[in-house]
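**Student:** These protein sequence lines are chains A and B, in that order. Okay, so the first sequence: first residue is 0 according to numbering that gives the first Met the number 0, each after it adds one. Okay, so the second sequence: first residue is 0 according to numbering that gives the first Met the number 0, each after it adds one.
It is possible that part of the hints are untrue.
Subject to a maximum C-alpha distance of 25 Å in a straight line, what follows is the list of computed SDA-like cross-link-like pairs (lysine to any residue) [what the hints assert, rightly or not]: (1) B:Lys120 with B:Arg294; (2) A:Lys51 with B:Leu373; (3) A:Lys51 with B:Pro386; (4) A:Lys51 with B:Gly237.
Partial selection, computed: residues in chain B whose CB lies under 7 Å from chain A [said to hold, decoys possible]: (5) Leu370; (6) Phe378; (7) Arg381; (8) Gly385.
Taking beta-carbon pairs under 10 Å as the criterion, some of the chain B residues facing chain A (in silico) [stated by the list, open to error]: (9) Leu233; (10) Ser267; (11) Leu373; (12) Gln525; (13) Ser589.
Bear in mind the hints are in silico, worked out from the structure with no lab data behind them. The C-beta atom is built at its ideal place from N, Cα and C for all residues, glycine as well.
Given next are the chains, with one letter for each unit.
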Amino acid sequence: MRALFALLAIMIAMPVAAQQSVPPAPYAYRQLDDPVQEAEAQELMETLRCLKCQSQSIADSDAPMAGDMRHQVRIRIASGDSPEQVRGWLVERYGDYVSYEPVLSARTWPLFAVPAILVLVAGLLFWRRFRRRA
Amino acid sequence: MIAEIGLAALWLAAALAVLQLAGGLAALRAGENSDLAALTRPAAVLQGGLVAISFAMLLWLFAITDLSVKLVAMNSHTAKPLIFKLSGAWGNHEGSMLLWVTVMALAGALIAGIERRLPEKTMQATLAAQGFVALGFYAFLLLSSNPFERLPEPVIEGLGLNPLLQDIGLALHPPTLYFGYVGLSVAFSFAVGALLTRNVTPDFARAMRPWILGAWVFLTLGITAGSYWAYYELGWGGYWFWDPVENASLMPWLAATALLHSASVLASRDALRVWTIMLGVVAFSMSMLGTFLVRSGILTSVHAFAVDPERGSFILILLGLYIGGALLLFALRAGTISEGERFSIASREGALVVNNVMLSAILAVVLLGTLYPLLTEAFDVRVSVGPPYFNPVSAVFVFPMLAVMAVGPLLRWRRDSWSRISREMALTGALLLVALVIFGVVSQVALLPLLGLSFAIALGVASFLPLRGRNLRRVPIAVWGMVMAHFGVAVALLGMASESAFSTERLAALAEGERTSVGPWAVELQAVEPIAGPNWTAMAARMAVSYDDGEPIEIAPQSRNFWAPAQQTTESVLVTRWNGQLYAVVGSSSNDGRWQVRLWWKPLVTLIWYGGLLVALGGILALIGRVRTDLKRRAAVRKGAARRLEMEKVS
């Protein structure tokens, strides 16, 4: 009875499994043999956006596309590319959106200007408040 | 019939919110004893009762799975366990809005029933603000998101609930955050009441403080639980993604933390009046932003938002009205409040001001990082702001704040000298230096985790220094609360830094009977077996894991397939030891019959959530301490009044 139920369960589950008919690329779920290269790849993957997910890096996702991107990152690192070269290649393909690491540009300068202004404002606030009585 | 009762109760509650608003306005114009003003408190109590009935009706509809109601048909399923049927009531847009306004109206009923410290006029203005905020929610529910809408034809089966959400933790997670948001809205109502009647006093801060503390405890618990949920449910070992939805709960927490400290200064020293009011306004704005932005879908994508422009515009108008109105009121009235008592930088207040500024700056960074991508997306420029931005930029403000946090509680109110606490400061500084050298030079840890580890250790010790030389049995409960909460921050920080510095990962494709290892763990995949649950089937991977050649433990992570709606999830297994967690996940099989196995060894990772719990516990202790002191004071005042009356009679 239990075996029958399990069989039934697997049959019902089939359509879900069928959604991803192509097997994941080899290095999607496999680490590089060289631990130094793997660490580099891992660090890079944590700063690349999974384009199919909501706010997850490709290092945190089961999405097939994230798997493909992990594969790409690992084989490129293994073939001797530097992490920044790999990032550049991905940005060229998918746009700035794919990289979580912010670069100072015409579109992103407020992200850097505002914290700098905050530091100044905070400093000014303290100076004005405490200069006479400190 | 049940749905109609619920809807009718909701309309009546909305009408009472109008009455509450009118009553408060009448109090401002004609004085607290006018006929209309006297109705404010009863209206608030009745409104609470009615909206509670309305929410109970919604729960009832979900419990019996009434498929003629659109909301039930869209979000529930007859085959679901009862607890998830009930949690389905608030696991959707309409239901969660109703829950929000229910909690808010009940809170309003509570302050209308018991809060008697403040002048009556201030209370009525407070309740009017409360009614005004609630009114927006009622309008939103009744005009654009009616939870009780019927379908023309009942459906045969519901559409189900996202299987990721069928989890007890997640069933309780949104209500916890909502309690926090609502607590902040009550604090805001007090701030508005005090602003309108020009009555920003220590008494006002004392009346507001339990609500801030309560809200803060709920937010802390909500964030901690949400983070743990993401950690074990998503199956990749991440616990914080700087996702806009997470930030939406973090921002109110940051504002509430600042508000809490500022209100403490106002309550005990009558200083920082304007700061407290401003933080009250900001904390409320952040909770509105949190609630509405998450619900509007704008955070996922500006384009998702445009799919339902009617609801979206409604939300934007409400947000603009509330936040804009609150800021406008603050701008108009802030000038009439004097700053209050002065103090020097080497004082408890000075340290608190520094930390409030730091917290506000962190809040600004998170807000900017969350909203900036939305802003550029509106102009068709897609930018990603993620951990590589948030971590270092917020660290610029976090670490100075932690340093002040270690020293601040040691200082006296108003005016103190650094030399008085030089020994404690030297001890903390020495700990920091030693830790920096050990982890930085010897273990070669990267900069941010290195600072995290070192500050955590120094702060962990420093957080107990305020107790030095005191009779521990006579230390007030609220002080224990502070010590506990500060220690909790250090503990959570240690967990985060350790996770980041010392985690090891192993991805492997294993056939049955093969072995692998991760950190100090040896792992053997024994067998993979199919199993079935009430609304899912799964492949369970039986593994034997042993720590450092010890006794093997058997675990069985699963890869699950739900069928209503069809979705695949991973059920990870966590093996917790005192010094960390083993995290095991099984994925799908490859063509050669091997199974993808993901393993992590995360030293001290559990401290993140234990720290969160300690922080919340500290908040609870502080709350108990404050409420007890207030009750004692109330009893003393009553006794004094009775004695005076007696004396008058005698003479």
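**Student:** Hints first: check each against the structure and report whether it holds.
**Tutor:** These are the hints, each one checked on the structure:
1. The suggested pairing of Lys120 of chain B with Arg294 of chain B is violated, with an alpha-carbon distance near 35 Å, which exceeds 25 Å.
2. With a C-alpha separation of about 17 Å, the suggested pairing of Lys51 of chain A with Leu373 of chain B holds against the 25 Å cut-off.
3. This hinted pair checks out: Lys51 of chain A and Pro386 of chain B have alpha carbons roughly 18 Å apart, not beyond 25 Å.
4. Restraint check for Lys51 of chain A and Gly237 of chain B: satisfied, since their Cα atoms lie roughly 17 Å apart, inside the 25 Å limit.
5. Nearest Cβ of chain A to the Cβ of Leu370 of chain B: about 11 Å, over the 7 Å cut. The hint is violated.
6. The interface hint given for Phe378 of chain B is broken, as the beta carbon of that residue sits about 9 Å from the closest beta carbon of chain A, more than 7 Å.
7. For Arg381 of chain B, the suggested interface contact is upheld, since its CB lies about 4 Å from the closest CB of chain A, less than 7 Å.
8. At a threshold of 7 Å, the smallest CB-CB gap from Gly385 of chain B to chain A is about 3 Å, leaving the interface hint in force.
9. At about 7 Å, the closest approach between the beta carbon of Leu233 of chain B and any beta carbon in chain A falls short of 10 Å, and the interface hint on this residue holds.
10. Among the interface hints, the one on Ser267 of chain B is violated; its C-beta lies about 19 Å from the nearest C-beta in chain A, farther than the 10 Å criterion.
11. At about 13 Å, the closest approach between the beta carbon of Leu373 of chain B and any beta carbon in chain A exceeds 10 Å, and the interface hint on this residue is violated.
12. Proximity of Gln525 of chain B to chain A is violated relative to the hint, the smallest CB-CB distance being about 18 Å (cut-off 10 Å).
13. Below 10 Å, beta-carbon pairs count as interface contacts, and Ser589 of chain B has one with chain A at about 6 Å; its hint therefore holds.
Hint check: violations occur at hints 1, 5, 6, 10, 11, 12; the rest are consistent with the structure.
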